[in-house]
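Order-wise, the sequence lines are chains G and L.
If you're matching positions, the first sequence starts at 1 in our numbering and goes up one per residue.
If you're matching positions, the second sequence starts at 1001 in our numbering and goes up one per residue.
Just to be clear, a hint being listed does not mean it is correct.
Unchecked claim - In silico BS3-like links for lysine-lysine, alpha-carbon gap of 25 Å or less:
1. G:Lys217 / G:Lys201
2. L:Lys1132 / G:Lys5
3. L:Lys1198 / G:Lys5
4. L:Lys1132 / L:Lys1164
5. G:Lys5 / L:Lys1199
6. L:Lys1048 / L:Lys1090
7. L:Lys1195 / L:Lys1048
8. L:Lys1002 / L:Lys1198
9. L:Lys1132 / L:Lys1090
10. L:Lys1164 / L:Lys1198
11. L:Lys1002 / L:Lys1199
12. G:Lys5 / L:Lys1090
Hints are computed from structural coordinates only; laboratory data are not their basis.
As the structure is a computational prediction, the values presented were derived from the model and not from experiment.
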Amino acid sequence: MRKGKPFLEVFASALNEDYGFPVLEFVVFAYTVEITIALETFGHGPEPSGDPALIVLLTNPISAFMLVGLMFGLLVLKNIAYSFGNDLERGVIVSFLSYPLRRRSLLTAKLLSSIGVPFMLFASIQVFVIFLLVPGMVSPHVVLLAILSVLSYPILVASIVLVLTIFFKRGSKALFVGIVLYFASGFSWLLLLMTGPTGLKAAAIIYPSIALQLHYKTGWDPSVLRAWTPSFNEALLYIGAGYALSISILAAAYLYFERRLEM
Amino acid sequence: MKSRWITLMGRTGSILIALGLASVLLSAIPPRPLSEMGPWRFTSRPEKYGIIHAEVYLPQKGCRILITTNGSLQIYFLAAHPLQLLESIKSWIKEHFPTLNETQVLMRWEASVLEAFLQTRPEDIMLKETVKGERSIDFFPPKATNVTVLVSNPSLMPVDVNGKITVISTVVPRGRIATTIEVLTAFGVALALPKIVKKSKDYVRSR
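Next comes chain G alone, as it looks inside the complex (with noise of 0.2 Å):
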């Protein structure tokens, strides 16, 4: 057996199990449909002023988590929580690990299947949107940055629900955390917003769209603004910040999985 073999029969069979026909196809034309119409009707409409006015559409919570949106970061937390929940708990995943293959390269095939596909979806559709409606009035490397702060706060809550999936061995306690840590984002940054510039520094870290936004001094209140104006590389640098945080809660993960999970 070729060494990548069974990575894709891995990959295909949690594939299968995580989206069954049509799920993904209803997601992808929805969403296409309802970030088109929120781009259009709650953004600059027609008329974009580059970059800044783009940071906006990209990043305030209407285009990242109204309605479809949010059945993006759902699947990602089902896909993880119950399904792989699922196979942890009644031991599917031991016939997995018959397979010639090292227990991280299972999860991450896993992992590639329940969060890698749907995030790739997501950024492919506000891509493929963006460049339908407004194509050379922005600039790439504006898009790929807005992209990647909007996606670290959904990949961050996806690691807290893997790591407690494999800690319980079960999906359901982690669904459950996953979906209130999910929702209750809006409320946490504003009360680390009434806390002044500290919280709102504290905050950028957890949701660096933030940072982005008050780099670009767009999508917030003046008195914002006036509190705290990062420059764009310590934007990058939360944005950085963010991703390091999901990584290490990641890392620890694959730790567990590796080393320490009995099955």
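Starting from the structure of chain G, add chain L where the hints point.
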């Protein structure tokens, strides 16, 4: 392993088709009116032309001209600012009729002059339509453009014109979305075809 690839390609294809269908739905949403000018009425003098409208338009923001005439008229959508256009026409007249004085140049609103001038600048004509009776024209430029709309009456009879201009906006740019739909659907069907064939074969075999 081959069947795994067919499944993966099939799924990618069905996702592209879903994206194409979403684009079809978005392009089917009718344009919404933003503002309205008119109704107005005037008489277009024989063998003369005149400017009826000028505005900056975008691929998503265009105009709908509803026009009713009792004779044949030419409507031009030109990619030029009205002042620039008039200046260019003036220069063209001075170049071709050097004996005319300034006042005579300014008075030359002749349809034949416009025709001859536009023959030297065909790239400026974004849309040219002949109107007789009642007609509605939707116009969206492929990119942000200064648009001047002219009405020219090349006939020897005066023509009564009733019209209304509505600035309209679409969710997606009409020009770009058509190509996008074609590409997405073509790739989607091509990728999904092996899976559809396989499924059909399996179905026939099972019966």
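Outcome of the hint check:
no., hint, in the structure
1, G:Lys217 / G:Lys201, "holds (15 Å)"
2, L:Lys1132 / G:Lys5, "violated (69 Å)"
3, L:Lys1198 / G:Lys5, "holds (22 Å)"
4, L:Lys1132 / L:Lys1164, "holds (16 Å)"
5, G:Lys5 / L:Lys1199, "holds (24 Å)"
6, L:Lys1048 / L:Lys1090, "holds (15 Å)"
7, L:Lys1195 / L:Lys1048, "violated (63 Å)"
8, L:Lys1002 / L:Lys1198, "holds (11 Å)"
9, L:Lys1132 / L:Lys1090, "violated (29 Å)"
10, L:Lys1164 / L:Lys1198, "violated (56 Å)"
11, L:Lys1002 / L:Lys1199, "holds (14 Å)"
12, G:Lys5 / L:Lys1090, "violated (74 Å)"
Checked against the numbered hints given earlier, this structure breaks hints 2, 7, 9, 10, 12; the rest are met.
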